[in-house]
Structure formats: C-alpha cells, structure tokens
Amino acid sequence: MFTGPPIDRRRWLLRTLAGLGVGFALPTLDARSANQRGSTRPTSLITLFLSGGPSQLETWDPHPGHRIGGETTAIATRLKGLKIASDYPQTAEIINELSVIRSLVSREGDHQRGVYLVKTGYRPDRTLTHPSVGAILAKERWDKTIEIPQHVSLSGGPQPARGGFLGAQYDAYKIYNPGQRLRNIAAGIKDKRQGRRLEGLRVVSQTFSRGRLAATRGTQHQLMVDRALAMMNSDQLKAFQIDDESRSTIDLYGDTRFGRGCLVARKLVEAGVRAIEVTLPGWDTHTNNFEGHREQAATLDPALFALITDLKQHDLLDSTIVLVLGEFGRTPTVNPLDGRDHWPQGFSCLVGGGGLAAGRRLGATDPTGKKRKPDQPVEIADLFATVMSRMGVEFGKEVITPIGRPMAYSEGTPIPGLL
Amino acid sequence: MIPLLLVVVGLLALVQSIAGRPTGDIATPRRLADRFTAVDTARRLDEWFQARWTREQITPAVPADETTVLRRLSLALHGTVPSLEELRQFEADAGDRRLERWTQRLLDDSRYATYFSERLGRALVGSEEGPFLAFRRDRFHAWLSEQLDTNQPWDRIVTRLVTAQGLPTGEPATNFITIAQVDGEIDEEVLAGRTIRAFLGQRIDCAQCHDHFFDPRWKQTHFEGLAAFYAPARFSPLGVDDNLKVQFEVADHENGTSRVVEPQVPFGREWLPAQGTPRRRLAKWLTDTRNLRFDRAIVNRVWGQLFGRPFFSPVDDLPDPGEPATRALDLLAEDFRAHRRELKWLIHAIAASRPFRLDSRPHVPNDPQSTELPAEELRRYEDAWAVFPLIRLRPEQVIGAMLQAASIKTIDRHSHLFTRGRRFFGEQDFVQDYGDLGDEELSKQTGTIPQALLRMNGQLARELIKPGAFGTTTAIARATQGNDGLCLKTCFEVCLGRQPSAEEHAVMGQWLVDTRGRRREVAVEDIFWTLFNSPEFSWNH
Numbered sequence: 022m023f024t025g026p027p028i029d030r031r032r033w034l035l036r037t038l039a040g041l042g043v044g045f046a047l048p049t050l051d052a053r054s055a056n057q058r059g060s061t062r063p064t065s066l067i068t069l070f071l072s073g074g075p076s077q078l079e080t081w082d083p084h085p086g087h088r089i090g091g092e093t094t095a096i097a098t099r100l101k102g103l104k105i106a107s108d109y110p111q112t113a114e115i116i117n118e119l120s121v122i123r124s125l126v127s128r129e130g131d132h133q134r135g136v137y138l139v140k141t142g143y144r145p146d147r148t149l150t151h152p153s154v155g156a157i158l159a160k161e162r163w164d165k166t167i168e169i170p171q172h173v174s175l176s177g178g179p180q181p182a183r184g185g186f187l188g189a190q191y192d193a194y195k196i197y198n199p200g201q202r203l204r205n206i207a208a209g210i211k212d213k214r215q216g217r218r219l220e221g222l223r224v225v226s227q228t229f230s231r232g233r234l235a236a237t238r239g240t241q242h243q244l245m246v247d248r249a250l251a252m253m254n255s256d257q258l259k260a261f262q263i264d265d266e267s268r269s270t271i272d273l274y275g276d277t278r279f280g281r282g283c284l285v286a287r288k289l290v291e292a293g294v295r296a297i298e299v300t301l302p303g304w305d306t307h308t309n310n311f312e313g314h315r316e317q318a319a320t321l322d323p324a325l326f327a328l329i330t331d332l333k334q335h336d337l338l339d340s341t342i343v344l345v346l347g348e349f350g351r352t353p354t355v356n357p358l359d360g361r362d363h364w365p366q367g368f369s370c371l372v373g374g375g376g377l378a379a380g381r382r383l384g385a386t387d388p389t390g391k392k393r394k395p396d397q398p399v400e401i402a403d404l405f406a407t408v409m410s411r412m413g414v415e416f417g418k419e420v421i422t423p424i425g426r427p428m429a430y431s432e433g434t435p436i437p438g439l440l
Numbered sequence: 095m096i097p098l099l100l101v102v103v104g105l106l107a108l109v110q111s112i113a114g115r116p117t118g119d120i121a122t123p124r125r126l127a128d129r130f131t132a133v134d135t136a137r138r139l140d141e142w143f144q145a146r147w148t149r150e151q152i153t154p155a156v157p158a159d160e161t162t163v164l165r166r167l168s169l170a171l172h173g174t175v176p177s178l179e180e181l182r183q184f185e186a187d188a189g190d191r192r193l194e195r196w197t198q199r200l201l202d203d204s205r206y207a208t209y210f211s212e213r214l215g216r217a218l219v220g221s222e223e224g225p226f227l228a229f230r231r232d233r234f235h236a237w238l239s240e241q242l243d244t245n246q247p248w249d250r251i252v253t254r255l256v257t258a259q260g261l262p263t264g265e266p267a268t269n270f271i272t273i274a275q276v277d278g279e280i281d282e283e284v285l286a287g288r289t290i291r292a293f294l295g296q297r298i299d300c301a302q303c304h305d306h307f308f309d310p311r312w313k314q315t316h317f318e319g320l321a322a323f324y325a326p327a328r329f330s331p332l333g334v335d336d337n338l339k340v341q342f343e344v345a346d347h348e349n350g351t352s353r354v355v356e357p358q359v360p361f362g363r364e365w366l367p368a369q370g371t372p373r374r375r376l377a378k379w380l381t382d383t384r385n386l387r388f389d390r391a392i393v394n395r396v397w398g399q400l401f402g403r404p405f406f407s408p409v410d411d412l413p414d415p416g417e418p419a420t421r422a423l424d425l426l427a428e429d430f431r432a433h434r435r436e437l438k439w440l441i442h443a444i445a446a447s448r449p450f451r452l453d454s455r456p457h458v459p460n461d462p463q464s465t466e467l468p469a470e471e472l473r474r475y476e477d478a479w480a481v482f483p484l485i486r487l488r489p490e491q492v493i494g495a496m497l498q499a500a501s502i503k504t505i506d507r508h509s510h511l512f513t514r515g516r517r518f519f520g521e522q523d524f525v526q527d528y529g530d531l532g533d534e535e536l537s538k539q540t541g542t543i544p545q546a547l548l549r550m551n552g553q554l555a556r557e558l559i560k561p562g563a564f565g566t567t568t569a570i571a572r573a574t575q576g577n578d579g580l581c582l583k584t585c586f587e588v589c590l591g592r593q594p595s596a597e598e599h600a601v602m603g604q605w606l607v608d609t610r611g612r613r614r615e616v617a618v619e620d621i622f623w624t625l626f627n628s629p630e631f632s633w634n635h
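As given, the protein sequences belong to chains A and B, one line each in that order. Mind the numbering: the first sequence is residues 22 to 440 in my numbering, read in order. Mind the numbering: the second sequence is residues 95 to 635 in my numbering, read in order.
Chain A extracted, bound-state conformation (with noise of 0.2 Å):
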C-alpha cells in the first residue's frame, strides 16, 4: 500500500478536518509555536559571524584620541554614554536593544581553532568534535511541528557548524545563497511519477531490509528520505524565500548576501527554526585594515538594522536572541601596512534579545593598549552557558560522547550581568 507523494500534511489535515466538520479541531493545530509570540514563544538563536576577525575598535569599542585608535572615530549611541566606532550609525540607533560585551578572551589565535572555539565553547580537540551551540539548540528544543531543517547555516563562509558528537543530523543545513531557490529541493517531475518512484522505492527497500531489519533502521536512511519528502512538500519551505518581501526590507537589509541571509533569518525564525548563523566573511585585515573594516561596516550596519528592527515589528525580539560575534578580534598596534593582526584577547561581540537584559555594557580594554588583559574578561562558554540558559537547556547536562569521555554541553557559566 503506498501512502502516496506526501501532500502538505497540514494543509490536508485541515482540509479533512473542515470536511468533516470537525472544525474545533482546528484551534489546537494554530498552538504550534510558530504561531505565537511575545515571551511565550520558544525561544530562537541567530548569530550574525562575523569570519575573519573583526576589530574591536573599529566596530563597538573604538579608542579614538588614543594611540592604538588608529583613525577610526566614535559616535554616540542611544545608550548614554556608550559610544561605537562611526560607520555604525543605525546600528548606534537600535543597540539600546542589545548589550555589548568588550572582554571576551579565547586563547585561540589561529583561525580554523579561534572559530571553532567560538562555535562551540571548547578548544580544538584532536579527538572528538564538539557540537556547535545551534546544534545543542537544535536537539534540546527540537520542534515535531518543524518540517524544515532546525539548524541553518546561511551565507556560506568557512567552518560551517556542526553537529559533532551529538551526530551529522544536527550538522547546520547550508544555504550559500540566501534567498535563491534551495538546491535539490524540487523532484522536477510530475506528482505521478514521483509516487511511482516512491513505490519501487518502498519495495526495494524491503527487499534489502529483509532479514536485517534492525539494522537498516538503525541507518535511518528511511526516516530521512521521509523527512526530505515531507520537507520537499513543506509550506514552510517559503521562509527560505523573499521574493514575496517588498522592495523595501530587501533594501532595508541591504541587496547583498548577508543582508538577504538576515532577511532569510528572521523568517526562519518566525517558521520556528532554533539556530541560525548567517556569516559575513572578510574581516582579515592583515592590510588597510581601516578601509576594510569600513567596507564591511557598510554591509553589516544595515543588515544589523533592519534584523532588530525587523524582528520587534514582527513581535520577535523577546524571543529571539541576536548574538553578533566573531573569531578573536584585532591587534591594538597598527602594523607597517596599515593593518591589523589576529587579538584574542580583549575583543568585543553584541548580544540581546530574546529575554537578555538589554543595554548593559560588560567589560572593558585599556585605551593605552598597555594592559593586555581587559577587565571583567568574559570566556566564550560562559556567554554560551547564558544563551542556553536563556532557552531552557541545561548548559551543564553531561553527555556521553563515543570516546565514553562525559562531556557538559558547556564548562562556563552564565554571564549575571545579562539574565
């Protein structure tokens, strides 16, 4: 018997309902989290990663009249008495919403380690893999009602997170181009010859499942092409899409990668999605690095904008939380070519939203660049440990990993300042 080419479910499940006239059925169906808003609805990630490095000081914590200050110069925000660097003007606007952190430390100064420490909260470890904290999201939060993947990695850039130990299924769904049709995702063929396919596939599969069927469900290779099929004939698949936005939030966001990947983020996120990280690359300012960071400046302060923006129009903020982070941060001494190298200690990230106090300033560098260390240094886990916190995961809780070595999803603990 086979069960057919998997119409959208919902949208028949309603359609039998109403049929049947059992349309009280129907109210409970709108509960689905996706639906809800305000503090009572589950809580979601976005992190905005920013891949290669971005200074500190030429982003949210700028040391103009001093000598490491370089030319970059400050403006004021609507948070009194915080200043960022002045190509930030609309985020300066909105970051009453957020809270900025200028003391975050990592001992990695390499970039294939320095991202996967601030993805994961650990140090590279040659024998296992950690997950990445969209990935813990993701299995912790899981959403049944979600037929789109719950992990997503928008924008391409290097290092995609991962699912580690806890398994390739909690790998971040990738989408390089945000906004363009997904790839792989249209059978391209008719209805009819899909269900005959299915069907050969249903009977090929039993053949090879007979007399090892414990083992073949253990590959779930089943339970994954079900998945796909329910995802290839999902509604929710439009979040993926903005050709239904108007003109003026794509170009609120900015018509660029990132700022589409944004866009794309904040539907996700209304579809239920759990973890999303859209990454904007180019902050290696080993050469100009002032020019550099200007240029990337002049991509992430609207797309930043608009997300803010964006989400508490759509009554989203309170739960969603933005966290604007990348790698390690940028040298206070200018080199001989204008440019800036690798700094992990004493850089800067923002996070809000979704529950966070918002408008606290933590930490701080030493204007002078004397004092290597900043002050109030803030570890990674411990900004991990609040996020999941923050979502109802037990930050703590200890898994098994396969090497039989137990592991907490993170070591640190939450930030006071920001709960």
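Hints should not be assumed to be uniformly reliable.
From the structure, some residues in chain A lie toward chain B, with a derived Cβ separation under 10 Å [claimed, not checked]: (1) 103; (2) 149; (3) 335.
In silico negatives: residues of chain A with every beta carbon more than 12 Å from chain B [as the list claims (entries may be wrong)]: (4) 88; (5) 215; (6) 247; (7) 265; (8) 309.
Restraint-style ranges between C-beta atoms, simulated for each label pair [to be verified]: (9) A:354 x B:263: 30 to 38 Å; (10) A:387 x B:277: 20 to 28 Å; (11) B:362 x A:426: 44 to 52 Å; (12) B:595 x A:262: 53 to 61 Å; (13) A:379 x B:474: 53 to 61 Å.
Honestly, the hints are just simulated from the structure, not real lab data. Model, not experiment: these values are computed from the prediction. No residue lacks a Cβ here, since even glycine has one placed at the ideal position from N, Cα and C.
Following the hints, position chain B against chain A.
Below, chain B without anything else, positioned relative to chain A:
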C-alpha cells in the same frame, strides 16, 4: 568560456577514443603469488573468531555471495562498485580461489593506490587545508599513492614521514611535518599527538595538559617526552630540517618559569637507539619489530577501511597488546610483521578472513514469533563480527558508485577524459553537499536530510540517468527493446550487482510493459532513480 571548454574537452575525448582503449594491463592473475597468500593467518584468525562465537553462544551469518564480497572490496579499494564489465568477467571466471585472485587484481589496478592513499592520508595529515605554501596536499598524495602502488613496507613509509627533510614539493613526505605548522612554527605537540594516534593507535593527547584522566597508562611527561623529539624540526624557505641546538621547553604556568624536556619514550626504552638525530631515533623506536603497537595500529586502521568500521573503536585508542578482546589484532600484527609489513599482504589477509566474507543478514535463532534478530541482539552479533555491518558509504564512494552504474564500462585511468573530468568536478560539489567527515570517517554515522535530498533531486544524479543520445539509460532501454526482464535485470546488476526479486519484478517490471522509445527510456530512468535512492545502494553491506 564554457562553450570553448566544452569544445576542447570534446576534442580531447575524440582523440582519446580514436587512440583506442589500451587493453590487457589489468587482468586477473591465474594464480596468487605465494607472498600474498594469507591462508595460515586466515585460518588462525578464523579459529579465534570461532572460539569467541562459541563462547558467546552466537551463530555467525552464512557466507555472503561472492559478488557481494567483490562489491565490498571494490568500494574499499577503489571507492566505487564493480562495473558491469567486471561483473561479467567475475561471473565467467571459473578458476579456484576466485576472490583472492580478484583481490590481487584490484590491488594491481592503479585505482587502489590512488583511492587508498587518499583514505590513509586522512590519518597522516588530516583533512584541513593546512598552511599556505608550506603544505602541498597534492604532492603528498601523489607520493603516498606511489608508495602504495609499489607496495613499500609500512615501516619504511613511516620512517620517511617522521624523518623527512627538504621541500614539501621535492620531498613530499615532509608535508607530514609542515601540516603541523601553527603561526609559522612547527608545533611539536601536534606532531607528537598525530604520531601516537596514527602510528601507535593510542591517544595520549589528553596528557598534553594533565595526566590522562581515564587512562592511567599515559602521563603528561610521556606526551612531553615524545614532543621533544620533534622540537628541533623547523621549516624555512629551504625546506624542513633540524636545528639540533633547539631543545623542547615547556612553560610552567604556575610559577612563570620554563623547563627543558629531554626526548623520551613512554615504554620500550630499550628500543630507543642512543645515537642519531632525535627524529631518526624516534622513527627507529616506533618501527622496532618489538613494538607491537606499531603493527596493531595499522592493522586496526586497514580493517576499518575494509569494513567501514575498525576492529576496535575508536580506531586510535587501542588497549595494550595481549589484551584478550583484541587478540585478533595481535594475530594479524604478528603475521604482518613477518610479511615485511606490506600493506597489500595485510589487505589480502583481512579480505580472506571469515568475518569479511559473512553475509550482512545475521543468523536468526529458531523463533516461531519472528524471522528478524532484535536490535539489541544484533549489536551483540556486530560486536563479535558474526555479521557484516551496514556502514554508510563515504560521499566519494556514493558518487563513484553512481558514475560507475551509469556507465557499462569500467571507469579508470583509461576512461575518456570527459568521463574522468565529470567524476572530478562532480565529485567536488557532491562531497561538499553530502558532507565530508574529515578525520572522523571511521566513526559510526547515520544518514542526513541533505544527503537524501542530494540523491533524490541532485543535479549530478539527475544528469547521469537522464535519457539522451549518449546516456546509459537510453542505451539499456533501446538494447533491451522487447525483453523487459533483461532490461530490469541489467538495471539491477549495474546499480546493485544483483538480480531483481519477484516482488521487485512485479512492481518495476510493470513500468516497462508495452513501452517503446521515449516512454521506455523514462521508465528505465525511474528504475535507476529508485535503485540510486535505496539503502542498498548507499550503505555497504
């Protein structure tokens, strides 16, 4: 640009086809050379397994049919399934010890060296990009491939890796050293960790910062002592060499001082020669014939490449030699050493063992209730190697299998440039979407949604089976006009290497009835799609 490229490729393909296909350089040997026979080893191994099964009250699965075993070998050694051409030759081969001779044939084929070196290379240099200019993966693989092709002893290969000097281009073994460059300096701790994992099958990386928590065998001083052998290694524009004046200094964070660590080994101190450069001494110690860990490590890894699952997991965290549960590794290790540590011999020995030849359907004890073994029992059977495990194929194996299935002839280095080009470029995109496991390729994996989508709707699979003047689906549809049974049988053979069952025939044979021309081609396309998406296609069994 692209049309121009197509013309160039097209011309080259034409020239190639006119030049004709060289024949006869890959043949099945009539008899297996004595030095490759592993009969005694296989017998001792089988006795050990049989004793274990008896003790654990397990009945092993029946032997798999030989075509299935050929498929396993082809996937493990060439990264693809056998072609229809090869299957026909295999069927027609009536000589005795057919599988052993075919193992030799697969090992003689240059595809073995190319593919197996790629797999083995993961353990040696990882899968990361590596430092720009200092690391040349292409050169390294070409070199390793040559070592495998000429069947160099494993200890000789390892000695060259550990002691290499020169430029990463001119002396490609040095890439083993240069991949460990961090911030412009060779990191001796990275090299120590990799040496222990890849060559001794132990993990003492945890002892890098503290004594190992879970494994009292390894102390921090062990790790530091090993790292000290690599301390003099440096990389300059002249290549890798040793500055023998440099000693390994370890910073002591507690009191802000540093201390010098002398090169020392964690066990087998009497094997360490007193003379020579530190790296030469280390290589001598590693490869000493008394160091059974050295042989056990490669045996476990090659077992993993052949089965898709190492004999002991994790692949590089083995118990001590002599531990009863891993006695099979000792047996193989001892004989491997006696056979000049030749990898081809080792592959022969594992491929000839009983576990490798077992069916992937477990034996089911008489039970009127069920004809299936419950999952928890299956785990017990799998742990005891009493059934061949189902293992997810690696992306390049899936793509290799798809390309091979969509071609009747064997795709190898004699294939048209176009075919090989298609494999090369298609593979890159496919591997990216399918997901590369990097260093973790020997850990257990389930399928993922992107993989399912890629197989079902991906461009490469779609193009491979699309009807067209040069397409295989079209060729099969036309050649079997009027014989639906033969048509279905051919599709099954090229994709799955077996004949369709009665049920499969009843359902899919129906698609072909009374079809001609385009409709028939579409039916064959649908059969290929179905088979490409079956678990049987993308899981090793």
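The hints, checked one at a time:
1. Because the beta carbon of residue 103 (chain A) sits about 34 Å from the nearest beta carbon in chain B, more than 10 Å, this interface hint is broken.
2. Because the closest C-beta pair between residue 149 (chain A) and chain B is about 8 Å apart, less than 10 Å, the hint holds.
3. Taking 10 Å as the C-beta contact cut-off toward chain B, the hint placing residue 335 (chain A) at the interface is violated, the least distance being around 27 Å.
4. Under the 12 Å C-beta cut-off, the non-interface status given to residue 88 (chain A) relative to chain B holds; the minimum distance is some 25 Å.
5. The beta carbon of residue 215 (chain A) sits about 9 Å from the closest Cβ of chain B, which is not more than 12 Å, so the claim that it is off the interface is violated.
6. Its closest Cβ contact with chain B, about 9 Å, brings residue 247 (chain A) to no more than 12 Å, contrary to its assignment away from the interface.
7. No beta-carbon of chain B is positioned within 12 Å of the beta-carbon of residue 265 (chain A); the least distance is around 23 Å.
8. Non-interface call for residue 309 (chain A) relative to chain B: holds, since the shortest CB-CB distance, roughly 20 Å, exceeds 12 Å.
9. Between residue 354 (chain A) and residue 263 (chain B) the Cβ separation comes to about 35 Å, which falls inside the hinted range of 30 to 38 Å.
10. For residue 387 (chain A) and residue 277 (chain B), the hinted distance range of 20 to 28 Å is satisfied, since their beta carbons lie about 24 Å from each other.
11. A C-beta distance of roughly 27 Å is found between residue 362 (chain B) and residue 426 (chain A), which places it outside the suggested range of 44 to 52 Å.
12. A hinted range of 53 to 61 Å is violated for the C-beta pair residue 595 (chain B) and residue 262 (chain A), which are about 42 Å apart.
13. The supplied range of 53 to 61 Å is met by residue 379 (chain A) and residue 474 (chain B), whose beta-carbon atoms lie about 55 Å from each other.
Of the hints listed earlier, those the structure fails to meet are numbers 1, 3, 5, 6, 11, 12, in rising order.
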